[in-house]
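**Q** Letter by letter, the chains look like this.
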Amino acid sequence: MTAGAVVSPAADATARARWRALALTDPIARLVRNAAHAGVADEAFDLRQLALAAVDLVVGSMGFAREATIEEVADDLTGLAARMCPELAGQARDVAQLVLKGLLNEAHEHRRFTYWFADLSGADVVREPYSFRLLALREAEYGPVLTASDQAITLFLHGLDVDIEDADRALAHVLQRQLDDRRFDAAARTAAQAERTSVGIAATLAELLDATRRDVGSHDWLVDVPDRLAVARRHVEERIAEDDRFLEHVQGGLDTETSADVRITSGRIVDLLQRVRQVHLDLGRRLVGAREVFLSAQVRQRLARRRRLRMLALGEEVLRPVLELPREQAERVGTAFADRALGVSVPRLVRFDDLVDQLWAPPRQRETVEPVPEDAGLEEVEEEDVQRYPAAVVEAARGVLAPARATPTRLSELLTNCGSDEVAELVLLTALWAFAPDPAADAEESDSSVELAAGLVARDDGAVLDHRLARGRDLFVGPDRAVGEVEPEVGSRVEVTVDG
Amino acid sequence: MVEHVAADLTQVRAAAELVAFGLERRSRPVEGSEYRALLDRYRTELRFRDVVDTMAEGLGLEVLGTPRSGIVLAPEPGGPFATRLADLRTMDQGERLVFGLVLIGIAAYAYPQDVDFDDPETKLVDVVKIDEFLRSAIDTLKGQEGGEGSPEERARAAAEAYADMPQLITTQTGRRGRGCTLKAIEDALGWLVDQGAAREAGTLGPDVYHLTDRFRLLVGDSAGGAALDALRALRSQGTEAA
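Residue numbers (our numbering), protein chains in the order written: chain A, 1 to 500; chain B, 1001 to 1242.
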């Protein structure tokens, strides 16, 4: 039995291979460090790029009848280095040689680079060496030529050629790892995140196409957009293949899985992956049609038959200059635009009482705190609403007002008929209501006077009221039709003084 | 040589009716309606068209066009039917500036090129998208400007007034409060709805509006030119001063 997993079974399975790839890049890091000691500044010359170029140059000539000699490669690298830092061009040859020496491991007499891997899979640590070359010199009929090792070719030409900013791909790798390690809950979360990323990409593309549809000049379709579309298309093609593989993987697992928990989680992952795949398929379809959107937008916007020559590109000719103007001037232009853009208004004469009502009306949008519903306690249910008049008072007031419904009656007369102050107060309010109904009053604010005033109209003929509860005009209260002919005077006032 | 022919009184009446339909915001020239008949007559009968145009002119109006949705009239500024931004709400200079920018922004978003004014397709606008459009226009401006003008001058630019405003302030009830750009756009679109220049597209979302033919023609044939004239006037003032 081994000492158990180092990290996780899936991680361990590929750990050695990944470690080797990592070790392969170390000579480059080392030559950059050494260059600093040799007086070559990392900021001035991009040594990593020169190292990559060296491998590329060597590989480029391999297999041809005439392979690249060390001088030829050094010349090419010198040219590149001189371009990187023209002011230090004199140093360029030294730099090129430094890079080649580093790649050839000259510090250790052109021997292989050797690194030690600590193998933890057994009970004891086993240190195993890993040796490789990057570039090597070989004798040819026309002198020493450079060759690149298999490792160098595999890693530097292909292995490093990945879009490491591709979030979608990164998530796919994480997901793969989690599935391999059977960490299904984590895998479900990753799948959900992968879905969000894909939706994000789809949204960006949709935005681009919308903007193009709206204004074909909004994006650069000559260089920028085709590049972006190409990247997106490649991405989608890869993802669709990957999605299928994942689905198969998880579904295959489902068929053999017995644990209920894992089955449920796997089911969820399958759902998520199917959605992700759908997003990718949609994205693919949209990408296929993208060019078409551009072309039709161009036909519609650029090549359309002009019905009327306006020469007006609002965005460029109006919006932009206005945004740049000082505020006062921009306001003038904006107002000139707005006054015309708003079109016609038909003037309406204002009726005085409408205006008064509007001025008195509460603001249309009242910003009040949301009412918190209260629990009505059981004992409170039977209680009367303290905001309203008791039913007995309302009934008494109705009785007092009854004669007024038949013939117009003076308010003072009605008041003397009232049994109590409360009834008198309600009668008074009703008379006021009948005199000047408030159209703005909400249902919630109404008291009983609103209902009582229905069908009643009050008229002011100038008589003076002098009652214990109220002073002002002695109104004529009567049925709607009998008193209605006379327009009420706006200036009339009845003051109410209610004690307590 | 102008031919002087007295207009038939019935024709004058019909012309007045058509202008009245144009002034009303609610009436629509549905198939078989009086309005539709008058509109068709305007489109086909040159003589009638002259009478309508002349009558409109006398009333301080200009006939901008007759799209399917009805006759579009533009008021002469200062005329009896003119609408002024200031009539819609009492506002200070800063608010007027923002509403002016918002209205230009809505128009520039919907009709970026002159051909868009000939395109009868209804434009959909969205409160949030308009704001994003304006803000990105301001950002591009900042990115391009670089060293132009002193920092103080740039700080006084209209773009800054908009950029300074928050996108969203919410009230206690969760609505958009005054003083944020989304509210300004919502209000401006609300006015356009009142003026028959936009319609709410509730089925497509709470913040989505259709811009009508009326708005398209008003912007293309009246407001856009007015804004260009105002800009030109400012520029010539600037060169005179310098």
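Some hints could be false.
What follows is a list of derived Cβ distance ranges for each label pair [unchecked claim]:
id : chain 1 : residue 1 : chain 2 : residue 2 : range
1  : A       : Asp224    : B       : Glu1200   : 32 to 40 Å
2  : A       : Asp357    : B       : His1210   : 42 to 50 Å
3  : B       : Gln1093   : A       : Ala230    : 29 to 37 Å
4  : A       : Val7      : B       : His1210   : 56 to 64 Å
Here are the simulated EDC-like pairs of lysine to aspartate or glutamate, each with C-alpha atoms no more than 16 Å apart in a straight line [to be verified]:
id : chain 1 : residue 1 : chain 2 : residue 2
5  : B       : Lys1129   : A       : Glu324
6  : B       : Lys1142   : A       : Glu324
7  : B       : Lys1123   : A       : Asp210
In case anyone wonders, no lab produced these hints; they're calculated from the structure.
Quick caveat, the model's predicted, so the values are computed rather than measured.
A virtual CB, placed ideally from N, CA and C, is assigned to each residue, including glycine.
**Q** Next, verify each hint and record whether it holds.
**A** Results for each hint:
no. : hint                               : verdict
1   : A:Asp224 <-> B:Glu1200: 32 to 40 Å : holds, 36 Å
2   : A:Asp357 <-> B:His1210: 42 to 50 Å : violated, 34 Å
3   : B:Gln1093 <-> A:Ala230: 29 to 37 Å : violated, 50 Å
4   : A:Val7 <-> B:His1210: 56 to 64 Å   : holds, 59 Å
5   : B:Lys1129 <-> A:Glu324             : violated, 21 Å
6   : B:Lys1142 <-> A:Glu324             : holds, 10 Å
7   : B:Lys1123 <-> A:Asp210             : holds, 12 Å
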